[in-house]
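Asker: Below are the chains, spelled out letter by letter.
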Amino acid sequence: MSIEIQGINKFFDKFQALHDINLTIPDGQLTALLGPSGSGKTTLLRIIAGLETPEEGRIRFSGKDVTDLHVRDRRVGFVFQHYALFRHMTVAENVAFGLNVLPRKERPGKPEIRKRVKDLLEMVQLAHLANRYPTQLSGGQKQRIALARAMAMRPEILLLDEPFGALDAKVRKELRRWLRSLHDELHFTSVFVTHDQEEALELSDQVVVMSSGRIEQVDSPVELYGRPDSRFVFEFLGQVNVLSGKIRDGIMRQGDAWIRLPEGCENDDAQLYLRPHEVRLTQDASDRAHLPFRIEAINLIGAEVRIELKPDGWECEELWEVGISHTEFNARHPQRGDRCFAVPDVGHLFCEHAAEPTTLDWR
Amino acid sequence: MATTELSERPAKRLSAPATKRVLPGFGLSLGISLFFISLVLLLPISGLFIRAAGMGWEQFWFVITDPRVVASYKVTVLAALAASLFNCVFGLLLAWVLVRYEFPGRRLLDAIMDLPFALPTAVAGITLATLFAENGWYGQYLAKLGIEVAFTPLGIVVAMAFTSLPFVVRTVQPVLEEMAPEDEEAAMSLGASDMTVFRKILMPTLWPAIVTGGALSFARSLGEYGAVIFIAGNSPYVSEVISLMIFVRLEEYDFPAASAIAAVVMTISLLLLLVINVWQGRYLKRLQGG
Numbered sequence: 024m025s026i027e028i029q030g031i032n033k034f035f036d037k038f039q040a041l042h043d044i045n046l047t048i049p050d051g052q053l054t055a056l057l058g059p060s061g062s063g064k065t066t067l068l069r070i071i072a073g074l075e076t077p078e079e080g081r082i083r084f085s086g087k088d089v090t091d092l093h094v095r096d097r098r099v100g101f102v103f104q105h106y107a108l109f110r111h112m113t114v115a116e117n118v119a120f121g122l123n124v125l126p127r128k129e130r131p132g133k134p135e136i137r138k139r140v141k142d143l144l145e146m147v148q149l150a151h152l153a154n155r156y157p158t159q160l161s162g163g164q165k166q167r168i169a170l171a172r173a174m175a176m177r178p179e180i181l182l183l184d185e186p187f188g189a190l191d192a193k194v195r196k197e198l199r200r201w202l203r204s205l206h207d208e209l210h211f212t213s214v215f216v217t218h219d220q221e222e223a224l225e226l227s228d229q230v231v232v233m234s235s236g237r238i239e240q241v242d243s244p245v246e247l248y249g250r251p252d253s254r255f256v257f258e259f260l261g262q263v264n265v266l267s268g269k270i271r272d273g274i275m276r277q278g279d280a281w282i283r284l285p286e287g288c289e290n291d292d293a294q295l296y297l298r299p300h301e302v303r304l305t306q307d308a309s310d311r312a313h314l315p316f317r318i319e320a321i322n323l324i325g326a327e328v329r330i331e332l333k334p335d336g337w338e339c340e341e342l343w344e345v346g347i348s349h350t351e352f353n354a355r356h357p358q359r360g361d362r363c364f365a366v367p368d369v370g371h372l373f374c375e376h377a378a379e380p381t382t383l384d385w386r
Numbered sequence: 330m331a332t333t334e335l336s337e338r339p340a341k342r343l344s345a346p347a348t349k350r351v352l353p354g355f356g357l358s359l360g361i362s363l364f365f366i367s368l369v370l371l372l373p374i375s376g377l378f379i380r381a382a383g384m385g386w387e388q389f390w391f392v393i394t395d396p397r398v399v400a401s402y403k404v405t406v407l408a409a410l411a412a413s414l415f416n417c418v419f420g421l422l423l424a425w426v427l428v429r430y431e432f433p434g435r436r437l438l439d440a441i442m443d444l445p446f447a448l449p450t451a452v453a454g455i456t457l458a459t460l461f462a463e464n465g466w467y468g469q470y471l472a473k474l475g476i477e478v479a480f481t482p483l484g485i486v487v488a489m490a491f492t493s494l495p496f497v498v499r500t501v502q503p504v505l506e507e508m509a510p511e512d513e514e515a516a517m518s519l520g521a522s523d524m525t526v527f528r529k530i531l532m533p534t535l536w537p538a539i540v541t542g543g544a545l546s547f548a549r550s551l552g553e554y555g556a557v558i559f560i561a562g563n564s565p566y567v568s569e570v571i572s573l574m575i576f577v578r579l580e581e582y583d584f585p586a587a588s589a590i591a592a593v594v595m596t597i598s599l600l601l602l603l604v605i606n607v608w609q610g611r612y613l614k615r616l617q618g619g
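Chains as they are written, first to last, in this note's numbering: chain A, 24 to 386; chain B, 330 to 619.
Treat the hints with care, as some may be off.
What the hints assert, rightly or not - Derived BS3-like pairs (lysine-lysine); straight-line CA-CA distance at most 27 Å: (1) B:Lys529 x B:Lys403; (2) B:Lys529 x A:Lys128; (3) A:Lys128 x A:Lys138; (4) A:Lys128 x A:Lys141; (5) A:Lys141 x A:Lys87; (6) A:Lys141 x B:Lys529; (7) A:Lys133 x A:Lys87; (8) A:Lys138 x B:Lys529; (9) A:Lys269 x A:Lys333; (10) A:Lys133 x B:Lys529.
If you're looking for bench data, these hints aren't it; they were derived computationally from the structure.
Given these sequences and hints, build the entire structure.
Answerer: Next up, the structure:
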């Protein structure tokens with residue numbers, strides 16, 4: 024079931040939480056709503072579910088207008104951030120709740136309900152906990168029960184609000200993989216809200232980046248990371264190194280730093296954004312760029328050695344970060360305080376007078 | 330040498346804190362509390378029972394089963410029951426309004442809620458009697474409908490309900506405040522109707538608080554004197570309450586009889602509160618995962 028969102032505006036008193044949201048969520052895909060807190064992503068999710076009413080705009084499920092439909096009639100599965108399990112019911116009663124409250128005509132018989140609950144609990148691999156109470160479960164277990172409960176009504180749309188937010192790193196990773204495989208198996212349309220870019224990029228087919236009530240970009244994870252449309256998306260997704268300066272005659276300058284740009288760049292104020300893996304470190308300046316640094320810190324943990332760099336003779340708001348391989352690190356042994364130069368391979372140029380960024384390639 | 334020293338030291342360290350508590354003053358504060366409770370509660374209560382016991386079993390039975398006294402038990406218990414039931418419903422509604430809705434004057438209403446506690450009960454009684462008298466503000470309209478409140482058992486219910494309303498509101502309010510609206514939203518997203526949400530999600534959580542509030546309200550109503558006597562009419566066998574019977578015996582200088590009746594009321598109250606406590610303890614243990 025696809026979800027079409029058209030011209031949604033939402034106010035909380037005078038505060039506008041969502042500005043003219045237009046979005047299509049394709050059938051059978053996993054979509055992430057990604058943004059910092061206060062960006063309106065949870066509000067959008069709740070509007071899709073019917074837990075919030077927009078002041079303007081329409082919501083359609085596969086073409087059918089559901090804007091005025093009450094949450095209980097929309098037949099979506101909703102998993103709450105803090106699980107919202109019913110404390111006074113056992114795990115099995117929680118999962119059976121949706122089936123038990125069906126009108127008598129539609130309600131399956133007791134043995135049928137029992138069987139479906141058993142199947143659902145087996146699906147989330149927690150059949151042995153059927154008679155426990157929610158307070159006796161761990162966070163990861165609660166999350167899976169909440170999921171089983173939402174799935175009990177066989178919804179075609181599953182909405183998850185920060186599904187892994189309250190879990191520790193290891194459980195989070197496990198559950199993420201599990202949700203992905205569950206989704207691949209059952210093919211419902213799911214939308215989940217997250218502020219964790221890694222989670223969004225790893226788990227979803229499509230990522231919707233939001234900030235202050237607006238959609239910044241909608242793309243596949245690969246496109247999003249490779250070609251961010253805006254400074255916001257660039258800064259929000261992963262580490263980024265920024266050089267602000269003025270372009271004159273194909274050279275961008277600031278203080279002692281300069282970079283020779285490929286042909287076709289207008290004279291303008293501009294910012295050059297570089298991912299850590301798009302920059303190399305050298306002992307000497309090259310004819311391509313002159314970006315002097317002092318090494319500020321070296322972090323050895325992880326697949327790469329991360330080196331934090333402080334500009335020498337020019338300025339930037341945040342320290343630069345460059346990754347080098349452990350082999351390279353062992354060969355050269357850079358020390359804190361060493362002077363070195365950065366050489367860009369690929370960069371993304373945001374000019375003051377241009378709407379879209381240009382991707383530059385020196386290689 | 331070094332190893333024995335290492336293995337001995339932790340043993341010494343461990344044994345010392347086992348007898349010590351982190352927070353100081355347990356012995357002293359418990360002692361003072363117990364002493365105080367004994368002084369103001371246990372001692373007078375035992376005095377009461379001793380006094381009642383001094384009269385001999387047969388006479389004790391004779392005093393507490395006097396037809397006029399038995400009639401007053403009936404009136405009091407039934408009126409208290411009606412009042413506390415009314416308070417359970419109305420108190421829940423008030424607590425709901427105070428917690429769930431934002432409206433101008435909410436804080437004021439919240440403060441007014443305690444007024445029945447703060448008001449001298451005699452003042453409450455006189456006010457209610459004036460309001461509900463046949464020519465009072467409410468009484469004149471109720472009289473047209475053929476409903477008499479003042480100087481009837483119904484008046485007793487009104488006075489009891491008035492003085493004990495805050496018990497229910499104040500016990501239910503914090504529970505409601507703590508309840509996450511997500512539970513209700515989750516139930517609704519699973520297709521539950523408003524009524525089902527109320528019955529299956531809200532009530533099981535609110536239940537213990539309502540029962541506690543109701544029980545407190547009932548216990549208080551059993552012993553209510555000041556507010557009741559002004560509006561009750563106090564005619565024998567019809568609208569006399571237990572506390573009035575105690576007072577009547579006192580006026581006759583029949584202290585043992587007064588103590589005997591008082592002992593009965595107290596036993597009922599204590600038993601009720603005890604039962605509620607045990608039941609609630611079990612229920613809450615289940616909720617919090619025992």
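Asker: Next, verify each hint and record whether it holds.
Answerer: Right, here's what the structure says about each hint:
1. B:Lys529 x B:Lys403: 35 Å, violated
2. B:Lys529 x A:Lys128: Satisfied, since the Cα-Cα distance of roughly 20 Å is no more than 27 Å.
3. A:Lys128 x A:Lys138: Holds, at roughly 19 Å.
4. A:Lys128 x A:Lys141: 22 Å, holds
5. A:Lys141 x A:Lys87: Violated. Lys141 of chain A to Lys87 of chain A sits at ~33 Å, over the 27 Å cutoff.
6. A:Lys141 x B:Lys529: Holds, because 22 Å separates the two Cα atoms, which is no more than 27 Å.
7. A:Lys133 x A:Lys87: 33 Å, violated
8. A:Lys138 x B:Lys529: The hint holds at about 22 Å.
9. A:Lys269 x A:Lys333: Satisfied, since the Cα-Cα distance of roughly 20 Å is no more than 27 Å.
10. A:Lys133 x B:Lys529: 18 Å, holds
When the structure is compared with the earlier hints, violations turn up for hints 1, 5 and 7 and for no others.
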